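A.B. asks: If you want the building blocks of each chain, they are given just below.
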Amino acid sequence: MLSSRALRQVVFAIVTLFGVAVVSFVLLRVVPGDPIAMMIAPGASAEDIARLRAAYGLDKGLVAQFVIWLGHALTGDFGTSISMRQNVVHLIAGRLPATIELTLTALAVGLALGIGAAVASTLGTRRLIGSTVDNANGILLAVPDFVWALAFVLLFGVAWPILPISGRVDPRLAIDFTTSFLLIESLLRLRLDIARDVLAHMIMPAMALALPLAAVILRVLKGALESEALRDYALLARIRGASRLRVTLRETLRNAMIPTLALTGVQFTFMFGGTVIVERIFAYPGIGNLAIDAVINRDLPLVQGLILTFGLIFILINLAVEASFALLNPRLRHG
Amino acid sequence: MNSTRRDILKLAGTGIVLASFLKGTAASAADADTVTIAYNVNLPAWDPTVGPSAVNPTIQAIYRSVFDQYVGQKPDLSFEPGLLTGWGWNDDKTKVWMEVREDVSWHDGSPFTAEDVVWSLERAGDPATGNPIQFVWSTIGNFTIDGNRIEADVKSYEPTLFKWMAFLTGYVMPKAYFEKVGAEGFERAPIGTGPYKVDEFQSNGFLRLKANEAYWGGKPAFDTVIFKFVPDASSRVAEIESGGSDVTLEIPYEEYDRLTKAGGFSGTAEPISDIGMIFINDVEPLLDKNVRLAAHHAINKQAIIDRLLSGYGVPIDTLEAPEYLAYDPSITVAYDPDMAIKLLADSGFSPDNPVKVTIQTTRGFKPKDYEMIQAIVGMWRKVGIEAEIEVYEIAKHYELRANDQLAPFAFYNWGNAIGDPTTSTGFAMFGPSPHSVWDTDDLDAQIGPLWNEKDEDKRIAGWKAVSRTIADNGYVIPLLQYVQPIVFRDGLSVVPNGSGALQATLVAPAKA
Chain F
210 MLSSRALRQV VFAIVTLFGV AVVSFVLLRV VPGDPIAMMI APGASAEDIA RLRAAYGLDK
270 GLVAQFVIWL GHALTGDFGT SISMRQNVVH LIAGRLPATI ELTLTALAVG LALGIGAAVA
330 STLGTRRLIG STVDNANGIL LAVPDFVWAL AFVLLFGVAW PILPISGRVD PRLAIDFTTS
390 FLLIESLLRL RLDIARDVLA HMIMPAMALA LPLAAVILRV LKGALESEAL RDYALLARIR
450 GASRLRVTLR ETLRNAMIPT LALTGVQFTF MFGGTVIVER IFAYPGIGNL AIDAVINRDL
510 PLVQGLILTF GLIFILINLA VEASFALLNP RLRHG
Chain Z
178 MNSTRRDILK LAGTGIVLAS FLKGTAASAA DADTVTIAYN VNLPAWDPTV GPSAVNPTIQ
238 AIYRSVFDQY VGQKPDLSFE PGLLTGWGWN DDKTKVWMEV REDVSWHDGS PFTAEDVVWS
298 LERAGDPATG NPIQFVWSTI GNFTIDGNRI EADVKSYEPT LFKWMAFLTG YVMPKAYFEK
358 VGAEGFERAP IGTGPYKVDE FQSNGFLRLK ANEAYWGGKP AFDTVIFKFV PDASSRVAEI
418 ESGGSDVTLE IPYEEYDRLT KAGGFSGTAE PISDIGMIFI NDVEPLLDKN VRLAAHHAIN
478 KQAIIDRLLS GYGVPIDTLE APEYLAYDPS ITVAYDPDMA IKLLADSGFS PDNPVKVTIQ
538 TTRGFKPKDY EMIQAIVGMW RKVGIEAEIE VYEIAKHYEL RANDQLAPFA FYNWGNAIGD
598 PTTSTGFAMF GPSPHSVWDT DDLDAQIGPL WNEKDEDKRI AGWKAVSRTI ADNGYVIPLL
658 QYVQPIVFRD GLSVVPNGSG ALQATLVAPA KA
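Going down the list, the sequences are from chains F and Z. In my numbering, each residue carries its 1-based index in the first sequence increased by 209. In my numbering, each residue carries its 1-based index in the second sequence increased by 177.
Possibly wrong hints are sitting among the right ones.
Simulated crosslink set (SDA-like; lysine to any residue; CA at most 20 Å straight-line) [as the list claims (entries may be wrong)]:
no.: 1; chain 1: Z; residue 1: Lys357; chain 2: Z; residue 2: Asp285
no.: 2; chain 1: Z; residue 1: Lys573; chain 2: F; residue 2: Leu236
no.: 3; chain 1: Z; residue 1: Lys573; chain 2: F; residue 2: Phe234
no.: 4; chain 1: Z; residue 1: Lys438; chain 2: Z; residue 2: Ser487
no.: 5; chain 1: Z; residue 1: Lys352; chain 2: Z; residue 2: Gly286
no.: 6; chain 1: Z; residue 1: Lys573; chain 2: F; residue 2: Leu382
no.: 7; chain 1: F; residue 1: Lys269; chain 2: Z; residue 2: Gly286
no.: 8; chain 1: Z; residue 1: Lys332; chain 2: F; residue 2: Phe234
no.: 9; chain 1: F; residue 1: Lys269; chain 2: Z; residue 2: Ala579
no.: 10; chain 1: Z; residue 1: Lys438; chain 2: F; residue 2: Asp268
no.: 11; chain 1: Z; residue 1: Lys387; chain 2: F; residue 2: Glu256
no.: 12; chain 1: Z; residue 1: Lys573; chain 2: F; residue 2: Ile524
Keep in mind the hints are simulated off the structure, nothing from the lab. Only a predicted model underlies this, so the values are computations on that prediction, with no experimental measurement involved.
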């Protein structure tokens, strides 16, 4: 049962990715902006332009281009970046770890803040706590991640300069790691100087990404907790003498987390989208920053590779969310 | 209550641990042997002779820090010996000769030779390598080497050949090393003969350079130079204001004024070889000379510079900036709205019966580009030109221009670091060029013979005459020469470069 369900999901993922590939391939070639026009030298002749177009395979028809691209993609070759002149897979693989570490940190911060605030607000007996949390949440919901990013740069980068503004690590540090997962590898190697520096560079972008997520989690979880608290099993536990804290943490939180988790999954995919602007503001070398350069330069192979990467990430997140439902709710494990 | 107090103490403890963990991580660039530059563009690729990066003027500052050009160029745009110590044509300009600098080493310690120069020139001229300036490099061939002297046949005379040797793609590459590691290997570990060696490079992150102790031009001023790639202008301002970087450039003029007046920072704001202009397409209603000239006379360029660019800019009336070889100060197109009204009236237009056109512009690609066009549209409205603004991305502009499909008016900027008229007026206005927009036989006939003119005085005089024809007929609207703002912390000195390339060697400790 489980294996057929897993198989169905894998097939669905492949079909989805193929659809993303087709749509993005066509759109990229239909939207304005010719990569060859951007690299024509002042005195280039029509022959020079035609030669360049042929060199990048852009002289063929759309279908022929797609068939060639797909043939190579199936062997793991997603082409060479026009602007960076490197293998697209290598480029993305080199940047993806930075974005994964950033978004996972932001997710952890967002969950901690959102769940913590929701539980505190639910348990708070004073009306002041509830209204303060609600008002603060309204602000958090209204302010987008890039505005937080700019505000943090101003506050903690300039006015009270305690955190670095740009990059992922201090350029003066000598790092000879084998992977691009700088935070994880520095912790595993006990290189706390590097871990500290990577974390310091990550705090502001991670917070900028985390605050909108925390706001959504807070709103949904708080409502779910209040709703669960009125259900029979929660009331029974209270009648038996369990404290509100105990009932919330041991009984209602688990059930309230199911809708919250579904929403967190969706919001987490949005967060990956949010990295594009946030990484740009903090000059953070992840795939979001890479995507902006790729689009500006009309680097079609790289943009195509990045769109597929984002698509794959979205699919994996959704699969992970579904799997976590099953963990939280035993009924879902059996279909 | 007890548990709450314990929680607060735990929280405070965690905060203290976290604070001490992060203590001292705010990046400070202050270090006597290191200079950190918050740079405005990322470096996409290392080979300075192929691909789109090779023709991106902004990246040349980084290339020039690591590689040497055949011919050097001073900040005032004059030429000086580079890896070639001498160069020239024979009398009838059928051959070229080059003297190669001796006692130069590549960053891997291997000797630089005349073979490197010949290999680089042959590679650049080979269409298969994808050098965007191949059309220049392929004009010479059949190289012979005699010691440190190279000679070659001239296949077709290109008067700007040696100027291009100090310009885009004019870099000498390491023959033996490149053949050994290949193109991808070179991207991973590039070497040159330049003043700095690549120590660490993280694309979209930073570039760390170490001084080339054996540099033929003398040891550089700093042991370490760091380029941080910070494409967002406000983040660059924050970088230097927070002390995270020592030098930055291309920030809003208002921020330049604020920082340089606040204390702790110095700055330079000098004109560079980059101009703002409005292309005119040879389509209706701009086939009418009166409309074209009226559009030019109606623009108060100085007012735009003063009010939108905080006074940073130089008004121009031809595509030749004052530092360029074929600049002629006698060619002017005055701001004269009355003349504009009269010209339009002669063609039957007035503020009540305006001529209607479209003007295309970028928004945020150059400082206040959209705002400038808004101001111009306002000035035009007063004389009888009603323009609709269409905003496009720069990539769209390139595509439309290459296909000759731009709107009647289209704003653009044009760089010309070697200051030759062929690379400004020539390519922008000669019909067969893929970059030209105005395309008429009269102008093409005037420009055509100048491409291969061997008499230099006659060539320059010819280009000045072309500029006059363009101004008299209103074939383009030159607007202004840009000023490049550079801010740096006290204790440093920066030499502004007329080409706009802020290479590492132009930054040094300030003299006491």
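A.B. asks: Indicate, hint by hint, whether the structure satisfies it.
C.D. replies: Hint check:
no.	hint	verdict
1	Z:Lys357 to Z:Asp285	13 Å, holds
2	Z:Lys573 to F:Leu236	15 Å, holds
3	Z:Lys573 to F:Phe234	18 Å, holds
4	Z:Lys438 to Z:Ser487	14 Å, holds
5	Z:Lys352 to Z:Gly286	14 Å, holds
6	Z:Lys573 to F:Leu382	41 Å, violated
7	F:Lys269 to Z:Gly286	45 Å, violated
8	Z:Lys332 to F:Phe234	43 Å, violated
9	F:Lys269 to Z:Ala579	19 Å, holds
10	Z:Lys438 to F:Asp268	54 Å, violated
11	Z:Lys387 to F:Glu256	42 Å, violated
12	Z:Lys573 to F:Ile524	33 Å, violated
Violated hints, in rising order: 6, 7, 8, 10, 11 and 12; the structure is consistent with all others.
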